[in-house]
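Enquirer: Read off the chains here:
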Amino acid sequence: MEVTLTDVEPGRRPATIPGLGRPLRAEEMVISMGPQHPSTHGVLRLELVVDGEIVVDVIPHIGYLHRCFEKHCEHMTNYQQVIPYADRMDYVAAMSNEFGYVIAMEKMLKIQVPERVEYIRVIMAEFSRIISHLIAIGTYGLDIGAFTPFLYCMRDREHVLDIIEETCGARLLYNYMWIGGLSHDVKPSFQKQVREFCTYFRPKIKELNDLLSYNKIFIERTANVGVLPGDVAINYGASGPVLRGSGVNWDLRKNDPYSIYDRFTFEIPVGKGLKGKVGDCWDRYMVRVHEMEQSTNIIEQAVDQLPEGDVQSAIPKRIRPEAGEVYVRTETPKGDLGYYIVSDGTASPFRIKVRPPCFINLSALPAMCRGAMIADVVAVLGSIDIVLGEVDR
Amino acid sequence: MKTFLLELLKNEVLVYTLMAIVPLLWVIPFALFAVWWERKISAHMQDRLGPMFTGGWHGWSQTIADIMKLIQKEDIIPTAADKKLFMLAPYVVFTGSYAAYAAIPFAASYIGSEINIGLFYIISISSLVVVGLLMAGWASNNKWSLFGALRSAAQIVSYEVPVALSILAVVMVVGTFDLQEINHLQTGPIWNWLVFQKFPLLLFACLIYIIASLAEVNRTPFDLPEAESELVGGYHTEYGGMRFALLFLSEYANMFAVSAIAVSLFFGGWNSPFGDFLSGHWALDLFWFLGKGMTLIFVQMWLRWTLPRLRVDQLMYVGWKVLVPFSFAIILGIGVWVLAAGQ
Amino acid sequence: MSRYFRNVWDGIFTVLIGMKITWSHLFTRAVTRQYPIVKAKLPERARNRLYVNMDDCIGCDQCAMACPVDCITIETVKSTPDMDLGLTSVGTKKRLYVTRFDIDIAKCCYCGLCVPPCPTECITMTDVYEFSEYERQSLVYKFAIMTPAEIDAAKSRLAAYDKEQAAKKAAAAAAAAAAKAAAAPAPQTPSAGPAPAPTPAAKAAAAPAPQTPSAGPAPAPTPAANTAAPAAVPQGSTAPASIPAPAPKPPATDTPSPGPQQENKP
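Protein sequence lines, in the order shown, are assigned to chains A, B and C.
When you line the first sequence up against the working numbering, it's residues 1 to 393, in that order.
When you line the second sequence up against the working numbering, it's residues 1 to 343, in that order.
When you line the third sequence up against the working numbering, it's residues 1 to 266, in that order.
Only chain A is shown next, with the shape it has when bound in the complex:
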């Protein structure tokens, strides 16, 4: 039975607050930051138990965007059809979802993809990281009240989407990475466009920093707010910028390398508590800003080293893996995305289970919000950067 404090008959006091194990006091009020709210990044319902302006407890209710992805996969006629569905989990950075899945399938089928495919996949994954972080930063500014950086981020995002549209035909949900290769080879103008984007984008990051990141008001809103200590983050299973913002140097691209990430030089930004405590919202936010810069570095290196080849030579005619299971994890912009695929030897998947990073990062929300103010809840939620498509699948 779902625990919710607002579903009581009028006149009756609700029972215990689940997170604290004690009944509601008279001065405490239960507010629903309901499924429709400008700042909850999707359909998420947050029940706030507040004492005036201070939040006593937060109870997230999810499931409003559940689309039965995992069950659906069991009824696909082949493994290739899962990819459009996988796109739609974290719809903001769709390539990163596809990346994990195709790596998992290639591991299961023991396919070695051509070098060109690897390089293009890395470029696309890093582009996904940039566009996801642009949305995270833009909407975070919007939550804090700065309206302008959001539009600057969207403008920059459009450049990336134009490049991807030239390559695969779609702007948001790509179905580009196929098992064993890619759906299309990149156009001849790809390298030039990518290099132009990299030179265009670096000054924009600096402008964003001047406008938002180092703005005193923004720092006041985000520093020392929603502090998540490193060990608590690890205990909750957080990953991605949430974990790195808490000072833990853990990135799957370096600690558990997949694809060809070991060929590129890049740094892993870690929160250091420059403006407040380690693990506050500002740290998580700045980790994302720095990651965008590092992604630009990776893209430049990859596009310089891009080899020739045929991107479709390794695509198998019939995808029928042997019975068995595989678990592969990749570093998406949101964190550690894992695919656990079980096959029973037929052409149709038997079970696909996803380890969604946003869902697990979101579980740390009550720990960060107890004792904060309502305005801080919005700030903390924005800094976790959830996409409800991935939380609910």
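Some hints here could point you the wrong way.
[Stated by the list, open to error] To be clear about the criterion: a stretch of chain A counts as covered by chain C if any three or more of its residues have a C-beta under 8 Å from a C-beta of chain C, and this derived list gives those stretches:
| id | region |
| --- | --- |
| 1 | 26-32 |
| 2 | 154-166 |
| 3 | 197-211 |
Honestly, the hints are just simulated from the structure, not real lab data.
All values reported here derive from a predicted model rather than from experimental measurement.
Don't be surprised by glycine CBs; every beta carbon is placed ideally from N, CA and C.
Chain A is fixed; fit chains B and C onto it per the hints.
Expert: This is chains B and C only, laid out in the frame that chain A set:
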């Protein structure tokens, strides 16, 4: 203007009523224009275009179209809302904003009411806005609106102090509360403006006044009461149609009122910055006054689209712990200066 | 104390930097494209509304099987050998009447998985993206170009043909049984026996009369068989040649297997 009308109509009550309506002739077109202007400024600051379609040239009639739409909307009052307070609240807010126009001189020959305690009157009557906001938030029977109303009450009441103190600084220098007098004292070239007197103390007083008045009108970075991304709409969530239009109108009226006060106090009011050139006629006075007022409005809009929002306790911190001590320091400085100059 | 003044100074200074940035953006060019007055030119690979060129469709059902959301419904009717449906643009002979080809474009997820498996490249994704409708049913696109009368005619022709073939097969089976019973002690004439035997591969294909006793009903479409049948007896090699069309196997099960993954058209 009053004498002119008195001779024409010979009925005092009628004359005063007309004089009360005259600023409305500016406020309503200004609100219509300012909404469009804000949308255009925000758009161009954000690398986009804003309204382009309605009316043809850059969507100039967008606001008029919006008002037409708002007039036709169904008047929805929540069932459990306190009906009388709900309906009364927008009018109270508008009255509080508009009443300040009575003591603001638009031209050398026009001031709504020739009282010699003009500034004192303005500060006190604009506090009526708080009452209206509280009524709106409470009567909506919506927890979020209530939050917005309480926050705004705290904010406006707190920032009245720096506003009053910075005005006090000016009054100490000029020795009168009458805004028309203050404007007459700033006649001449630009360095006669009060913002450049007792340099740099009155400049800081001006800055403090502008920042504090932003909080008075609930503009970013102090727009917590209507924080869209947190409280949906704050105290005006439940208002729709013409009631919402009236609240919006009063926000813009208030914006112009505080800009007008700043202009009159610090930036020479209706005086031309070139001294005798382009001055003398009431139309020119009006032009300078409105132009300077619009420049300050532009600065307010510019700040809105640049800065994030302050949290409520930080807002209180800025008000009480930064603006008030600095205002006290300025008053001290001006007091010493005036005394020393008087010797 | 100094931190206090530092904070105040930071506050003012960073605000001024921010204001400088927004001021400079007042004078940069807007990036808005004023749709619908100005429309973007989509890249050539853009994936929007589906289009099927029915002249090329051979009814293989590959696109329907590839679709992850099952938005394509195809129904076909076999054609009879006497009907010539023509060739597709790549030269394949069409064997099936496509009586129903519905795409529910509201279900379509624009993934493009239906495009590569098509052997004749007749299903493509165009760059049309403005196709809203008022009625939900109008979003079910019907691409099949056969009228109900034509569909009925094709179905009845097929029914008649099947019946005929069944009858012929029964008669041939009876005749073969009779011949077998008659010729059981004598060795089989080599030409009559093995050579023709493999070719009519158990289906009532167009030539049921390779048997030397050109028993009874010679099928209408193979007049050549009648004349050649006696000549077919001694030479086994000509026998297959005289059989008009051993090749056409009605169900198109041979085309699909190389089909799906071979063509990955950009």
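Enquirer: It remains to establish, for every hint, whether it holds in the given structure.
Expert: Verification of the supplied hints:
1. Given as covered by chain C, the region 26-32 of chain A fails the check, having 0 residues with a CB less than 8 Å from a CB of that chain where 3 are the minimum.
2. Look at the region 154-166 of chain A against chain C: 4 of its residues bring a Cβ nearer than 8 Å to a Cβ of that chain, three or more, so the hint holds.
3. Residues of the region 197-211 of chain A lying with their CB closer than 8 Å to a CB of chain C number 3, which satisfies the three-residue condition for coverage.
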